[in-house]
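Between the sequences and the hints, there should be enough to build the whole structure, so can you do that?
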Amino acid sequence: MKVCIACGMPMQEKSDFPNGDTNKDYCAHCARPDGSMQSYEEKLASYTAFIVRAQGLDRQAACAAARSAMAKLPAWENVHTR
Amino acid sequence: MPGTKRQEQKKQTRSRILEAAIEQFAKQGLTTTSTVAIAEAAHVAHGTVFAHFSTQEELLSAAIEEFGKRINQRLHELAGAGGGVREVLAAHLKGLTEHEAFYTRMITEARLLPEEARNTLIMIQSTASFHLSEAVEKEITAGSIQPLPVHLVFNGWVGLVHYYLANSDLFAPGGSVLERYGHELLQYYMTLIKAR
Chain A
9 MKVCIACGMP MQEKSDFPNG DTNKDYCAHC ARPDGSMQSY EEKLASYTAF
59 IVRAQGLDRQ AACAAARSAM AKLPAWENVH TR
Chain B
2 MPGTKRQEQK KQTRSRILEA AIEQFAKQGL TTTSTVAIAE AAHVAHGTVF
52 AHFSTQEELL SAAIEEFGKR INQRLHELAG AGGGVREVLA AHLKGLTEHE
102 AFYTRMITEA RLLPEEARNT LIMIQSTASF HLSEAVEKEI TAGSIQPLPV
152 HLVFNGWVGL VHYYLANSDL FAPGGSVLER YGHELLQYYM TLIKAR
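Protein chains in written order, with the working numbering: chain A, 9 to 90; chain B, 2 to 197.
Just so you know, these hints were derived from the structure itself, not from any lab.
Quick caveat, the model's predicted, so the values are computed rather than measured.
In this text, a Cβ means the ideal position worked out from N, Cα and C, and glycines have one as well.
One or more hints might be untrue.
Taking lysine-lysine pairs in the DSS-like style, the calculated list, with each CA pair at most 30 angstroms apart, reads [stated by the list, open to error]: (1) A:K80 / B:K28; (2) B:K12 / A:K10; (3) A:K10 / B:K6; (4) A:K80 / A:K22.
Away from chain A, derived, C-beta distances all over 12 angstroms, residues of chain B [claimed, not checked]: (5) R7; (6) E41; (7) E101; (8) A143; (9) Q147; (10) P174; (11) L193.
Next comes the structure, spelled out in structure tokens:
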């Protein structure tokens, strides 16, 4: 089973892939509407917003957690973060 | 090839130490388990542990990261099967029950752990809250549960479950608190949030 290179989500169903394209290595939540992968900054912002919305954490704490999770993922291993 | 064989053996020893560490941390605590106990459980010399993990902290981080991967995968598999809020909460309970001992250590010792470990805990909650928020939004639209903020539906549920886990010695001494009370907690919580 594929695991999204940008957020770590396991991708089981066709609907987990951007526009149902199972050749992609990133998931529907990490794609822009045109199917291309979000940039690091876009993903960090959407990941942080998701943690705030679903868990209610402080924005800075949520951002730190999102950064830490993304640091372990293949899509971002060459990204130098601030 | 001898080199490859040696590498394979090294990998196996590392994995044996990691498995023993996950088991011992769950039994004896994340911040209190000694590397001597882990070496004994893995049937390796004490020094071998440090040949694979340079410090005790490194071993703890690796164990937490591996545990995080496993529980996340399982929660996603269980909770991603679809269904409503009740099904997602039941799936969450099942996933936590399967990993109850280590998870309980993580939540009770969270404030004592390195930031990295706390972030892993947030990621575990991300997986659970992702599936729950999707189900909650659908049921709010359908009018079957009250129009509550999704983070409070998640935190209310997790607060309840964590209270029982943190006090498992009082609720279910020597046993699984989630096996014993999971059904009751689920029934109660659904009653609280369902539309009047």
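Results for each hint:
Among the hinted pairs, K80 (chain A) with K28 (chain B) is consistent with the structure: their alpha-carbon atoms are about 27 angstroms apart, no more than 30 angstroms. Taking the CA atoms of K12 (chain B) and K10 (chain A), the gap is about 23 angstroms. The hint holds against a cut of 30 angstroms. Pair hint K10 (chain A) plus K6 (chain B) holds up; C-alpha atoms about 28 angstroms apart against a cutoff of 30 angstroms. Proposed proximity of K80 (chain A) and K22 (chain A) is supported: the alpha carbons are some 25 angstroms apart, at most 30 angstroms.
Residue-level check passed: R7 (chain B) sits 27 angstroms from the nearest beta carbon of chain A, beyond 12 angstroms. Listed as a non-interface residue, E41 (chain B) keeps its Cβ farther than 12 angstroms from every Cβ of chain A; the least gap is roughly 30 angstroms. At roughly 21 angstroms from the closest C-beta of chain A, the C-beta of E101 (chain B) stays outside 12 angstroms, upholding its exclusion from the interface. Interface exclusion of A143 (chain B) from chain A stands, the closest Cβ pair being 19 angstroms apart, more than 12 angstroms.
Interface exclusion of Q147 (chain B) from chain A stands, the closest Cβ pair being 17 angstroms apart, more than 12 angstroms. Its beta-carbon lying about 31 angstroms from the closest one in chain A, P174 (chain B) satisfies the requirement of being farther than 12 angstroms from that chain. The claim that L193 (chain B) lies off the interface holds: its Cβ sits roughly 17 angstroms from the closest Cβ of chain A, which is beyond the 12 angstroms cut-off.
Of the numbered hints stated above, none is contradicted by the structure.
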